[in-house]
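Could you put the whole structure together from the sequences, leaning on the hints where they help?
One line per chain: the protein sequences are A and B, in this order. The numbering used here numbers the first residue of the first sequence as 1 and each following residue consecutively. The numbering used here numbers the first residue of the second sequence as 1001 and each following residue consecutively.
Honestly, the hints are just simulated from the structure, not real lab data. There may be inaccurate statements among the hints.
With the C-beta cut set under 7 angstroms, the calculated list includes, among others, these residues of chain B facing chain A [said to hold, decoys possible]:
#  : residue
1  : Trp1136
2  : Val1139
3  : Pro1141
4  : Val1144
5  : Thr1151
6  : Leu1228
7  : Phe1235
8  : Leu1250
9  : Val1259
10 : Ser1260
11 : Trp1264
12 : Leu1267
13 : Ile1274
14 : Ala1278
15 : Leu1279
Every residue gets a Cβ at the ideal spot worked out from N, C-alpha and C, and that includes glycine.
So the chains spell out like this:
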Amino acid sequence: MASPRAHLLYTAGRLGGAAVSLLAVLVTGFFLFRIVPGDPVRALTRGTPTTAGQLDALRHQFGLDLPLWRQFTDYCAKALTGDLGVSYQFRAPVGELIAQKAPATLLLTGVAVVLYSAIGLWIGARAAWRHGGPGDRVHTGVALALWSVPSFWLGLLLITVFAVGAGPVPGLFPTGGMSTGTESGLAHAVDVTHHLVLPVVTLVAVGYAQTLLVMRSSLLDEMGGDYLTTARAKGLRDSAVRRRHAVPNALLPTVTMVFINLGHVAAGSILVETVFSWPGLGGLFYQALSVPDLPLVQGLFLVFAGAMIVMNLLADLLCPLLDPRVAR
Amino acid sequence: MTESALPRSPAPARRPGAAVRFWHSYRAHRAGLLGLGALTLIAAVALLAPLLADEDVRKVTGAPGDPLEPPSAAFWLGTDQFGRPLLGLLVWGARISLTVGLLAAGMSVAIGALVGIAAGHYGGWFATVLMRVTDWFLVMPTLVLAIVLATVMSRSVWTVIIAIGVTSWPTTARLVRAQTVAVESRPYIERAKALGGGHRHIMSRHVLPNVMPLVLAQTTLGISAAILTEATLAFLGLGDPMVVSWGGMLQEAREAGAVSSGHWWCLAPPGLAIAVVALAFTLCGRTIETVLDPRRGVDR
Chain A
1 MASPRAHLLY TAGRLGGAAV SLLAVLVTGF FLFRIVPGDP VRALTRGTPT
51 TAGQLDALRH QFGLDLPLWR QFTDYCAKAL TGDLGVSYQF RAPVGELIAQ
101 KAPATLLLTG VAVVLYSAIG LWIGARAAWR HGGPGDRVHT GVALALWSVP
151 SFWLGLLLIT VFAVGAGPVP GLFPTGGMST GTESGLAHAV DVTHHLVLPV
201 VTLVAVGYAQ TLLVMRSSLL DEMGGDYLTT ARAKGLRDSA VRRRHAVPNA
251 LLPTVTMVFI NLGHVAAGSI LVETVFSWPG LGGLFYQALS VPDLPLVQGL
301 FLVFAGAMIV MNLLADLLCP LLDPRVAR
Chain B
1001 MTESALPRSP APARRPGAAV RFWHSYRAHR AGLLGLGALT LIAAVALLAP
1051 LLADEDVRKV TGAPGDPLEP PSAAFWLGTD QFGRPLLGLL VWGARISLTV
1101 GLLAAGMSVA IGALVGIAAG HYGGWFATVL MRVTDWFLVM PTLVLAIVLA
1151 TVMSRSVWTV IIAIGVTSWP TTARLVRAQT VAVESRPYIE RAKALGGGHR
1201 HIMSRHVLPN VMPLVLAQTT LGISAAILTE ATLAFLGLGD PMVVSWGGML
1251 QEAREAGAVS SGHWWCLAPP GLAIAVVALA FTLCGRTIET VLDPRRGVDR
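As C-alpha cells, then:
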C-alpha cells in the first residue's frame, strides 16, 4: 500500500497541474481569438446598412473599444465567475446557450462512450486471450477498418440508407434532431431513443477500436504473468482465470483511456452532431464557426478544453485507487 | 565466432544491411504488405492523375454529364451535382489527400522529434519548460484547436497543413524524449563526449539515428490521422475551395442534397477512398512498429 502521505502528495500534484492547465487554456482562449483577422462588428452587421455611430455603439457593447490588456483582465475576471460574454449571433449570454445545449451532448456522448467502452473491453479481452487466432485477426481488422472511416461520412451513409431509405430498405429512423417534440413522458423517452440510434451507432463504430486495442495490448502484457499460471494450477477454469485474474490487472490503462475519451468526445461529436442536426454543443460550435461568432467559439473552446482537463484529472485520481503502485 | 573478434564496420556502413533485414521481417506481415500495396497503387493514381483524368474535370462549367447521373458505362461512378464525373474528381482528390497527409504528418513529427530530442538531451529547466508546453498541447482538444486555427487563417491548403501539423506533435515529442533519454545513458555517448563531440554532433550523429525508427513509425501512423483531419476540415468548409478534395466532395454532395434524395453514389466513393488510404497507412505503421520493437507492436 502507498503511504497516505505519498497519496496526498500525488493528489495535490495532480490538482495543481490541472489548475495550471486550466489557466493556460484561459489565456490561450483569449489570445487565439484576438488574432482573428477582420472586424467582428463589421461581419455581424454585414448586409444591413449601419452608420459609424452604430458600429461604435456595438463595439462599446462588446467591449471591443478597450485596450487589449483591459479586455484581457475583464475577460479573466468574468470567465472565473462563469460569465463568458454575449454571443454575437444569438444576442444571448454564452454561458446560458452552453447550459441549454449541454444536456443533449451529455446524453449522446455518454451513451456512446459507455457502449463503446463496454464493447471495446469485451472484444479486446477476448481477442487478447486467443491472440493470433482467427477471431483476434478478424476483430482487430474490423476495428481498425472502422477506425479509419471518417465519422461524418458514416453518419451521412447511415442517414441515406436507414433514415431516407435506399432500395429495399425503408426509412427506419429519423434523419436528424433529438425529438419530434409532440409527446411527453414515456412516449418522449421512446422518441428520443429512436433519434439517438443512428448518431450513437456512428460514434460507437468509429470509436470502439481505441478501447479494443488498448485493452488487447495491456492484457497481452499480463499474459505471461506467473500469477496466471498459479491460478490455472489451482484448477480454475480458463474463463475464470481471465475474468478474475488477468482482466482486472489489465484494466488500468484502459480506464485511463475511457476517461480521456470522455474528455475527447465532447469535441469529437462536433461532426456527428452537425451531420445529424443534434441540438448539442458540437452543433452549436459549427453554427458559431460559420459566422464566426467569437464569444461563442471562445466559450465552447474553454468548455471543450476544460472537459479534457477535468477528465484527465479524474483518470489520474482514480488510478491510485485501482493500482496503489501509481502514487508511490 | 570469428566475426565478434573483428572490429565492426562503422554504423553508416552497417545501415544498408539493416534496411534489408528490416524488409525481410516486414515481409512476414500480411497486413503490412496489404497496406503497402494499397499505398503504392494510390500513390501511382495520384502521380498519374493528369493521364488518368482530364484536368478540365475540376471545372464546374461545361461538365460532360448531366447533374447527379447514376453510375453508367460513360461515367463509371456517376456524376456530381454539376455533371462532373466522380471518378475523375476522385483521382484528382487523391493528390490533395496524400499531399496534406504527408506534409502535415512530416511537420508534426519534425516538431515532435526536435522538441523531444532537445528536451531529452539538455535536461534541466529547459526540458521542464518544453515538456510543460507539450503536456499543455496534449490536453488540448486537437480537432477543436485545428478547426479554430483553420478558421482564423486564410483558406488554403497550407493553412490546413499548418493547422494539423502544429496541433498533433505532442505524442511524438513524448515518445522521442523517452527514447533520447534511454540512448543518452549508453556508454558510447560518454565516449563521444570524451572525444570532444559537441551538443549538435551528439544529437544529430548519435541520438537521431537511434530515434529514427520510432520517428518513422510515428510518421506513418500520423499520416492516417492527418488525412482524416484534412477530410474533416474540408467537410466543415475550412479547406481550400479552389481545390478538389475528398472531404470537400462530401461537403458539396451534402449541400446539394444528396443525402435526402438518396444519391448514395455521390457519397460512397470519397468516404471509401479516405477510409482505404487511412487504413493502409495505419496497417503499414503498425507493421513497422512491430518489426522495429516486437514488444510494443501488433503481436504483443
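Hint check:
no.	hint	verdict
1	Trp1136	holds (5 angstroms)
2	Val1139	holds (5 angstroms)
3	Pro1141	holds (4 angstroms)
4	Val1144	holds (5 angstroms)
5	Thr1151	holds (6 angstroms)
6	Leu1228	holds (6 angstroms)
7	Phe1235	holds (5 angstroms)
8	Leu1250	holds (6 angstroms)
9	Val1259	holds (5 angstroms)
10	Ser1260	holds (6 angstroms)
11	Trp1264	holds (5 angstroms)
12	Leu1267	holds (5 angstroms)
13	Ile1274	holds (5 angstroms)
14	Ala1278	holds (4 angstroms)
15	Leu1279	holds (4 angstroms)
Checked against the numbered hints above, the structure breaks none of them.
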